[in-house]
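**Student:** If you read the protein sequences in the order shown, they are chains C and R.
Going by the working numbering, the first sequence opens with residue 1, and the numbers climb by one from there.
Going by the working numbering, the second sequence opens with residue 1, and the numbers climb by one from there.
Rather than coming from a laboratory, the hints here were simulated on the basis of the structure.
Treat each hint with caution, since some may be false.
To spell it out: a stretch of chain R is covered by chain C in this simulated footprint if at least three of its residues, at any positions, have a beta carbon under 8 Å from a beta carbon of chain C; those stretches are [said to hold, decoys possible]: (1) 308-314; (2) 410-417; (3) 471-484; (4) 492-502.
Straight-line C-alpha distance at most 27 Å; calculated DSS-like pairs for lysine-lysine [stated by the list, open to error]: (5) C:Lys-133 / C:Lys-106; (6) C:Lys-131 / R:Lys-516; (7) R:Lys-608 / C:Lys-106; (8) R:Lys-265 / C:Lys-104; (9) R:Lys-336 / C:Lys-133; (10) C:Lys-133 / C:Lys-104; (11) C:Lys-106 / C:Lys-31; (12) R:Lys-336 / R:Lys-495; (13) C:Lys-131 / C:Lys-106; (14) R:Lys-495 / C:Lys-106; (15) C:Lys-133 / R:Lys-516; (16) C:Lys-104 / C:Lys-131; (17) C:Lys-131 / R:Lys-608; (18) C:Lys-31 / C:Lys-131; (19) R:Lys-428 / R:Lys-516; (20) R:Lys-495 / R:Lys-428; (21) R:Lys-138 / R:Lys-57; (22) R:Lys-428 / C:Lys-133.
Even glycine gets a Cβ: it sits at the ideal position worked out from N, Cα and C.
Listed here are the chains, written in short residue letters.
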Amino acid sequence: MWNVLYVEDEENDVIFMRRAFRRAGVEGWLKVVGDGQTAMEYLSGRGLFGDRLNYPLPALVLLDLNLPTVSGFQVFNWIRQQPQFQQLPVVIFSSSSRPEDRLKAKELGASDYLEKPDSGLDFGTVLETLKRKWLAQPVALDPIAQYSGSLAVTHVPARP
Amino acid sequence: MNATKRSDQIQRPSALISVAIFVATTALMVWLKLRLFPDRYTALSYALPLLICLWHKDRRLLWTMVATFAALSALKDFLIQPGHQPTEPFDFLQWLMQIANIVVVAGTVHTILNLTERLRARNEELHVANEELTARAKEIARQNAELHAQGEELAQQNEELQQQGEELGRQNEELQQQTEELERQSEELQRQAEELQTLNQELNQKEGMLTTLLDCLAGARDEPQMLEQVCRALLDLVGPSGGIAAVLERAGDEIVLRMQAGAAKLSEAPRPFAPSLASVVLEHDRTAFVDDLAARPDLSVPIAAQQRFRSVLATPLRLNGKHLGTVNIYSFEPRKWTTQQFRIIEWVAAQCSLALGVMRLQEELARTNSRLEEQVRERTAHLREMVDELEHFSYTITHDMRAPLRAIRGFIGTLEEQLDGRLDSETKDCMDRIASSARRMDRLITDALSYSRTVQTELRLSVVDAAALLRGIIDSYPNLQPPKARIRIDSEIPKVLANEAGLTQCFSNLLDNAVKFVEPSAIAEVGIRAETHDGLVRIWFEDNGIGIPELFRPRLFQMFQRANKAYDGTGIGLALVRKVAERMSGRVGVEPNGGTGSRFWLELRLSKSNPIESAAPARVMNESEAQNANAGRLALSAIKLIESAGK
Numbered sequence: 001m002w003n004v005l006y007v008e009d010e011e012n013d014v015i016f017m018r019r020a021f022r023r024a025g026v027e028g029w030l031k032v033v034g035d036g037q038t039a040m041e042y043l044s045g046r047g048l049f050g051d052r053l054n055y056p057l058p059a060l061v062l063l064d065l066n067l068p069t070v071s072g073f074q075v076f077n078w079i080r081q082q083p084q085f086q087q088l089p090v091v092i093f094s095s096s097s098r099p100e101d102r103l104k105a106k107e108l109g110a111s112d113y114l115e116k117p118d119s120g121l122d123f124g125t126v127l128e129t130l131k132r133k134w135l136a137q138p139v140a141l142d143p144i145a146q147y148s149g150s151l152a153v154t155h156v157p158a159r160p
Numbered sequence: 001m002n003a004t005k006r007s008d009q010i011q012r013p014s015a016l017i018s019v020a021i022f023v024a025t026t027a028l029m030v031w032l033k034l035r036l037f038p039d040r041y042t043a044l045s046y047a048l049p050l051l052i053c054l055w056h057k058d059r060r061l062l063w064t065m066v067a068t069f070a071a072l073s074a075l076k077d078f079l080i081q082p083g084h085q086p087t088e089p090f091d092f093l094q095w096l097m098q099i100a101n102i103v104v105v106a107g108t109v110h111t112i113l114n115l116t117e118r119l120r121a122r123n124e125e126l127h128v129a130n131e132e133l134t135a136r137a138k139e140i141a142r143q144n145a146e147l148h149a150q151g152e153e154l155a156q157q158n159e160e161l162q163q164q165g166e167e168l169g170r171q172n173e174e175l176q177q178q179t180e181e182l183e184r185q186s187e188e189l190q191r192q193a194e195e196l197q198t199l200n201q202e203l204n205q206k207e208g209m210l211t212t213l214l215d216c217l218a219g220a221r222d223e224p225q226m227l228e229q230v231c232r233a234l235l236d237l238v239g240p241s242g243g244i245a246a247v248l249e250r251a252g253d254e255i256v257l258r259m260q261a262g263a264a265k266l267s268e269a270p271r272p273f274a275p276s277l278a279s280v281v282l283e284h285d286r287t288a289f290v291d292d293l294a295a296r297p298d299l300s301v302p303i304a305a306q307q308r309f310r311s312v313l314a315t316p317l318r319l320n321g322k323h324l325g326t327v328n329i330y331s332f333e334p335r336k337w338t339t340q341q342f343r344i345i346e347w348v349a350a351q352c353s354l355a356l357g358v359m360r361l362q363e364e365l366a367r368t369n370s371r372l373e374e375q376v377r378e379r380t381a382h383l384r385e386m387v388d389e390l391e392h393f394s395y396t397i398t399h400d401m402r403a404p405l406r407a408i409r410g411f412i413g414t415l416e417e418q419l420d421g422r423l424d425s426e427t428k429d430c431m432d433r434i435a436s437s438a439r440r441m442d443r444l445i446t447d448a449l450s451y452s453r454t455v456q457t458e459l460r461l462s463v464v465d466a467a468a469l470l471r472g473i474i475d476s477y478p479n480l481q482p483p484k485a486r487i488r489i490d491s492e493i494p495k496v497l498a499n500e501a502g503l504t505q506c507f508s509n510l511l512d513n514a515v516k517f518v519e520p521s522a523i524a525e526v527g528i529r530a531e532t533h534d535g536l537v538r539i540w541f542e543d544n545g546i547g548i549p550e551l552f553r554p555r556l557f558q559m560f561q562r563a564n565k566a567y568d569g570t571g572i573g574l575a576l577v578r579k580v581a582e583r584m585s586g587r588v589g590v591e592p593n594g595g596t597g598s599r600f601w602l603e604l605r606l607s608k609s610n611p612i613e614s615a616a617p618a619r620v621m622n623e624s625e626a627q628n629a630n631a632g633r634l635a636l637s638a639i640k641l642i643e644s645a646g647k
């Protein structure tokens, strides 16, 4: 079991992503926040997000760039500034095909840059890519033990 | 001596003939005396044969014959005759006379021979002397001839010398003429030199003033400073007697003192224009002077330090051809002003006008400049605002406008899935068309943005790992992955000199095309390989697609050209690839792939072992510059997009 925190303000895209996760049978793994501020609150476990059973720390953050008030890059920088999240995979997920955005993401140290598919129907391929590249090794089940007191992600051996 | 010796040698008588003659005569005598007439005396004398010696000049023969005949005579007279009966009695006296006869004849012959010999010797000597004389005469004649020839030669030389002498005489005359000419010129030059010296003095004075004026032009911050320098320069004209130089300006009916310099101070109060010298000068538009102001009580003259001026020189001051005022020099003593001073004050006034003109022009320019700068600032700010807006607009287009299109296609797809089997074909067709239109719109937006950005962006070249880039692209585009497509990298692909973003664009466009243009039932298969030659890398993309009609190939890489309308497309993708390739000093092309499919190639420069960071001169943009450039590009992208959308 791994959780993906999807930071996205565009409702339609959220719908398509939920659909992709539902079709893959892992709907529960997708946690969505609508803006950058909320994303930071979620990650730092403030307020409601202190409940790690319902809002577990994610194994990966899928980050849209074009967010209201706090931009995707700002969120990304904040994540990298937090000692406990330095190893957390953050995949930029944007509809921008501009090379400068791609380059900026690379320079800042984003784990990957995925361009949003042309059609909402194709979000399944995004999930496939994420699974193949970033979620191939299942992580510890206990979402709280995952980061507590340790900077590194604790990996468990692959299933036989 | 020579002669006797020669006669001895030559004239020696032959001994043989002598013996023969001796024998013959002796025999004849013997026969005559002893045989024929042994008993008588014969008249024939013994002396006769001796005469032969006059012919045969042998003295030994002579005296031998003498001796012999004497002996013979003695023999006959003393021995023979006594035996015989002589017919005539012997007479001793007669025999003695006979002997005497012989001896006398012999002596005579001897003497004659001696004389003859001596004569001959003398003759020979004379002959030799004569020959010598002849030779000497010849020699003298020859020397004479030589002397004659030399004499002629000397005469010729003499003639020549005479000619040269005449020539020299002529030249001398010419030189004399030239000398006179030179003397005349020298006098002329001296006169000119004197004139020049006068002019030079004037020029020096002018030069001094010009230097001052130039200095003040360069150094003077403003008009008053410049005018003050002009006045100071003019004070030189007044000389040691002292005076004041001033610049006056006409202001309506008054004369205003603009600047002054000198021993005393003029009153700065305006004076009426009409009775002043300035009015006269300006009216006649020429330099004027008053020798002694005492003679012109009608002119108003300023007063300085309770002292009256006695003489004044004034010239008009112009600005851009119009009268501005006058330049005056006041003297406390009456004086005559020289032409030179006239010229100088006029000249200084002219320079002053020029300087004034330049200064006022500069002031005007400075004012205009600051106005322009202000305007530029305002407009720049305005433009910056517009550019920011346009950038935001462009960003919105990429992000916000694509989201609804994605939604349209997504929801149409969702609807189709949910109503699967319950849709009639017409409705299904409508929904498909909605989806494909949305897709087309989306592609148009991204392609137009990419293209316009590429056209305007400066592509900096660096070493790019093409292989890694290709793998990254294939990994991040689901369309390029199984089951939709099978893409192989068949050979090692070297690092190239390119712009990473540009190369990404090229690769993804080429791969998109390769997987897109396949028969609907087929699965796209693309092989990628690289060839290296001459510092270039050619990367081939070989597909199994529908290929490109021969006729369309020339237009393949042009904007908005589409070979096959059955497939989605905007006709921008390959135009963009070509543009980007060219901007990276590369090329792109296509070749038919035997049976089916196409073989596209992209040619780039091979990265050297010592990588060159940038092919273009490296220029690091500072942040604001970069922002400006970005903003400009975005603005233009947006405009192009709007234009293309409008079409």
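**Student:** Each hint should be assessed against the structure and marked as holding or not.
**Tutor:** For each hint, the structure was consulted:
1. 308-314: violated (count 0)
2. 410-417: holds (count 4)
3. 471-484: Per the Cβ count (5), the hint holds.
4. 492-502: Our answer is that it holds, as 3 residues pass the Cβ test (under 8 Å) against chain C, meeting three.
5. C:Lys-133 / C:Lys-106: holds (16 Å)
6. C:Lys-131 / R:Lys-516: holds (25 Å)
7. R:Lys-608 / C:Lys-106: holds (25 Å)
8. R:Lys-265 / C:Lys-104: Given pair Lys-265 of chain R, Lys-104 of chain C is violated - Cα atoms ~76 Å apart, limit 27 Å.
9. R:Lys-336 / C:Lys-133: violated (108 Å)
10. C:Lys-133 / C:Lys-104: Given pair Lys-133 of chain C, Lys-104 of chain C holds - Cα atoms ~21 Å apart, limit 27 Å.
11. C:Lys-106 / C:Lys-31: holds (25 Å)
12. R:Lys-336 / R:Lys-495: Judged against 27 Å, a Cα distance of about 94 Å means the pair is violated.
13. C:Lys-131 / C:Lys-106: Given that 27 Å is the threshold and the Cα spacing comes to 20 Å, the pair holds.
14. R:Lys-495 / C:Lys-106: holds (19 Å)
15. C:Lys-133 / R:Lys-516: holds (25 Å)
16. C:Lys-104 / C:Lys-131: holds (24 Å)
17. C:Lys-131 / R:Lys-608: violated (38 Å)
18. C:Lys-31 / C:Lys-131: holds (16 Å)
19. R:Lys-428 / R:Lys-516: Holds - the C-alpha atoms of Lys-516 of chain R and Lys-428 of chain R are around 23 Å apart, at most 27 Å.
20. R:Lys-495 / R:Lys-428: Answer violated: Lys-495 of chain R to Lys-428 of chain R is near 48 Å, above 27 Å.
21. R:Lys-138 / R:Lys-57: With Cα atoms ~38 Å apart, Lys-138 of chain R and Lys-57 of chain R exceed 27 Å; violated.
22. R:Lys-428 / C:Lys-133: violated (36 Å)
Comparing the model with each numbered hint stated earlier shows that hints 1, 8, 9, 12, 17, 20, 21 and 22 do not hold.
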